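Colleague: Put together the whole structure using the sequences plus the hints.
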Amino acid sequence: MDVQVSALGAICALVIAIILILKKVAPAYGMIAGALIGGLIGGVNIADTVTLMIEGAQGIIPAVLRILAAGILAGVLIESGAAAVIAETIVKKLGETKALLALALATLILTTVGVFVDVAVITVAPIALAIAKRTGMSKPAILLAMIGGGKAGNLMSPNPNAIAASDAFNIPLTSVMAAGIIPAVFGVAVTYLIAKRLVKKGTMVEAEEIDTVDASSLPLFLTAIIAPIVTIVLLALRPLFGLNIDPMVALPAGGIVGAIVMKKGKQLNTYAISGLGKMSGVAIMLLGTGTLAGIIANSQLKDVIIQGLSAIGLPAYVLAPVSGIFMSAATASTTAGTAVASQVFGSTILELGVSALAGAAMVHAGATVLDHLPHGSFFHATGGSVNMKIKERLKLIPYESLIGLIMAIVSTLIFGVLKLYG
Numbered sequence: 001m002d003v004q005v006s007a008l009g010a011i012c013a014l015v016i017a018i019i020l021i022l023k024k025v026a027p028a029y030g031m032i033a034g035a036l037i038g039g040l041i042g043g044v045n046i047a048d049t050v051t052l053m054i055e056g057a058q059g060i061i062p063a064v065l066r067i068l069a070a071g072i073l074a075g076v077l078i079e080s081g082a083a084a085v086i087a088e089t090i091v092k093k094l095g096e097t098k099a100l101l102a103l104a105l106a107t108l109i110l111t112t113v114g115v116f117v118d119v120a121v122i123t124v125a126p127i128a129l130a131i132a133k134r135t136g137m138s139k140p141a142i143l144l145a146m147i148g149g150g151k152a153g154n155l156m157s158p159n160p161n162a163i164a165a166s167d168a169f170n171i172p173l174t175s176v177m178a179a180g181i182i183p184a185v186f187g188v189a190v191t192y193l194i195a196k197r198l199v200k201k202g203t204m205v206e207a208e209e210i211d212t213v214d215a216s217s218l219p220l221f222l223t224a225i226i227a228p229i230v231t232i233v234l235l236a237l238r239p240l241f242g243l244n245i246d247p248m249v250a251l252p253a254g255g256i257v258g259a260i261v262m263k264k265g266k267q268l269n270t271y272a273i274s275g276l277g278k279m280s281g282v283a284i285m286l287l288g289t290g291t292l293a294g295i296i297a298n299s300q301l302k303d304v305i306i307q308g309l310s311a312i313g314l315p316a317y318v319l320a321p322v323s324g325i326f327m328s329a330a331t332a333s334t335t336a337g338t339a340v341a342s343q344v345f346g347s348t349i350l351e352l353g354v355s356a357l358a359g360a361a362m363v364h365a366g367a368t369v370l371d372h373l374p375h376g377s378f379f380h381a382t383g384g385s386v387n388m389k390i391k392e393r394l395k396l397i398p399y400e401s402l403i404g405l406i407m408a409i410v411s412t413l414i415f416g417v418l419k420l421y422g
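The sequence shown begins at 1 in UniProt numbering and counts up by one.
Simulated from the structure, these hints should not be mistaken for laboratory data.
Only true hints are included.
BS3-like cross-link-like pairs, simulated, lysine-lysine; straight-line CA separation at most 30 Å: (1) K278 <-> K23; (2) K395 <-> K98; (3) K278 <-> K92.
Using C-beta positions, here's what the derived DEER-type ranges look like: (4) L220 <-> L314: 48 to 54 Å; (5) K389 <-> T135: 19 to 25 Å; (6) F241 <-> D2: 41 to 47 Å; (7) G95 <-> D303: 53 to 59 Å; (8) I229 <-> G281: 26 to 32 Å; (9) G281 <-> D2: 34 to 40 Å; (10) R197 <-> S280: 37 to 43 Å; (11) S347 <-> N244: 19 to 25 Å; (12) K92 <-> L314: 45 to 51 Å; (13) K389 <-> L243: 47 to 53 Å; (14) L220 <-> L309: 48 to 54 Å.
Note that the structure is predicted; figures quoted are calculated from it, not measured.
Idealized CB from N, CA, C, for every residue including glycine.
Modeller: Laid out in structure tokens, this is it:
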């Protein structure tokens, strides 16, 4: 469709979407409204604006289908107690002397195996609160440890953000996951160093905030890890043996096998319904981001950003992480930020000579830098997990941004400057 929205219209679309989301409008509706108004401000008539929005949403549908399928795995891990068992086992093995590292690694592993980053933090939070009370650590320290670990794990997970990047750049999901490993290591290291400095700063945990968990109905660790292992093995068949098992098959298959091994096959449908409920919100939000992507992709904003990067002397490949950062700030979501940046800037990044894997990796890493801003649900869900007040939660934003920025810089060094995986 040969219609172009002005750069002003695209910026207005983003600003309006942010304002509406801050006003507690559902993110999907906020982005749809922003896209519509932005298109009209950008000089496109209403019929063509709607067409651009629909085309943008159509481009996101493959990722949406895979995300809905992933609900089975997520439901099994969370509702069966497998996620809690995995987290608690990691913390126990490392011990309370390395509690912050243990909390970071527990959240990292949960997100790596397919649990949403905010759900992973909520899952680990009761363990963190109990440890913090016993060892005298502050809420900011334990929350930052969990958030940093979650961000790192998100870079190498089969979660919706990675699915969106792999779909947009047409590369295997496992390639996107593997590309996040080295940046994630740096992310965890920085998280641990910062969290240690916050141990005695901020609010401390009160005794009444600690919940006791009934462990009698929880699965054994060895059975709890079967679901993620099966999923990762199925996904790895493509790069290892050329056997393409789509994530839409591999993710639910892992969940089904895991439920059976844990002897919870009768509850599988209940787990699947719960998982679908968790994923449906993301899927609907992504359709909203698709409409926004349709407007921005057909605007002059890309050219303005590229010209800006050139004017300050930055190389072309920096567009990949910058677009991820920019869109994660606009949407306050790793998933939406990755999806919009990949859809809007993906073709341009490839035309600049950046490989598909490098582009996906840098966009994905960039989307972790500002995905925690207050107009997104992650900010509030993570703060609520440790009963933290908003004023104190706001003070963690610079540290979270630094963790994401370090991972984005490392990814850019690997895939942009050094071009190790072209």
